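**Student:** Chains as they are written, first to last, in our numbering: chain D, 30 to 141; chain R, 81 to 195.
FYI, nobody ran anything at the bench for these hints, they're computed from the structure. Careful, some of the hints might be misleading.
As the list claims (entries may be wrong) - If you want the footprint, here are the derived chain R segments under chain D, 3+ residues with CB under 8 Å:
(1) 112–122
(2) 128–141
(3) 149–156
Unchecked claim - Derived lysine to any residue pairs resembling SDA-like cross-links, with alpha carbons at most 25 Å apart:
(4) K99(D) with Q43(D)
(5) K65(D) with G83(R)
(6) K97(R) with V194(R)
(7) K91(R) with P68(D)
Claimed, not checked - Sample of chain R residues at the chain D side, in silico, Cβ under 8 Å:
(8) T87
(9) S175
(10) N182
Only a predicted model underlies this, so the values are computations on that prediction, with no experimental measurement involved. Don't be surprised by glycine CBs; every beta carbon is placed ideally from N, CA and C.
Each chain, written out:
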Amino acid sequence: GQQLNQSPQSMFIQEGEDVSMNCTSSSIFNTWLWYKQDPGEGPVLLIALYKAGELTSNGRLTAQFGITRKDSFLNISASIPSDVGIYFCAGQLAGTASKLTFGTGTRLQVTL
Amino acid sequence: GAGVSQTPSNKVTEKGKYVELRCDPISGHTALYWYRQSLGQGPEFLIYFQGTGAADDSGLPNDRFFAVRPEGSVSTLKIQRTERGDSAVYLCASSPGTGSYNEQFFGPGTRLTVL
Chain D
30 GQQLNQSPQS MFIQEGEDVS MNCTSSSIFN TWLWYKQDPG EGPVLLIALY
80 KAGELTSNGR LTAQFGITRK DSFLNISASI PSDVGIYFCA GQLAGTASKL
130 TFGTGTRLQV TL
Chain R
81 GAGVSQTPSN KVTEKGKYVE LRCDPISGHT ALYWYRQSLG QGPEFLIYFQ
131 GTGAADDSGL PNDRFFAVRP EGSVSTLKIQ RTERGDSAVY LCASSPGTGS
181 YNEQFFGPGT RLTVL
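With the rest of the complex left out, here is chain D:
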């Protein structure tokens, strides 16, 4: 099935650094979402974006819905050890109800 292109695949950063990851699609979405998945768990929603150009924050997380509706980015500021995990973007295609298409994931590792 289709998966969105997400980059980078993995990141090793030091505690306190800022992190940026992005997601691109060949298809237009009407909703973009960012999830975090810890080992042995299901994905947990971090941020949801509903409108092209929208910039939304949730604590140290900031995400934007690209103006073309084909991309999104997620920034994490001042990373901490508990930010470790796999981050997935997901989109909902225009015209479909509720089916999510996920990205390939970005694995984040934070060193002290």
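Fit chain R to the supplied structure of chain D, relying on the hints for placement.
**Tutor:** Same frame as chain D, now just chain R:
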């Protein structure tokens, strides 16, 4: 309140066998989704139910895969004649209902290993 639960958490089976995976959604959620996550990949959509009916089964890979939700609550994903390529984590999610957007809450998944 309980979240989405899935049983079993792990299932090991032999090639050619039949397996059933169960999902208990959050109480009151009318929409239920199944996704499959292969190692190192993001979840891939399989099927979703609105109430008792399958509203979209376009992600089911072939006719060995089938899912039911007879009373609009618990759902069972059934896989016949399992193959090694079916090995993956099967995730279930539920949401309050469909519409422009309803957050999907995921369970911990069932890890299926086909030997």
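**Student:** Please go over all the hints and tell whether each is borne out by the structure.
**Tutor:** Hint by hint, here is what the structure shows:
no., hint, result
1, 112–122, "holds (count 5)"
2, 128–141, "holds (count 5)"
3, 149–156, "violated (count 0)"
4, K99(D) with Q43(D), "violated, 30 Å"
5, K65(D) with G83(R), "holds, 17 Å"
6, K97(R) with V194(R), "holds, 9 Å"
7, K91(R) with P68(D), "holds, 17 Å"
8, T87, "violated, 14 Å"
9, S175, "holds, 7 Å"
10, N182, "holds, 7 Å"
Hint compliance for this structure: hints 3, 4 and 8 are broken, all remaining hints hold.
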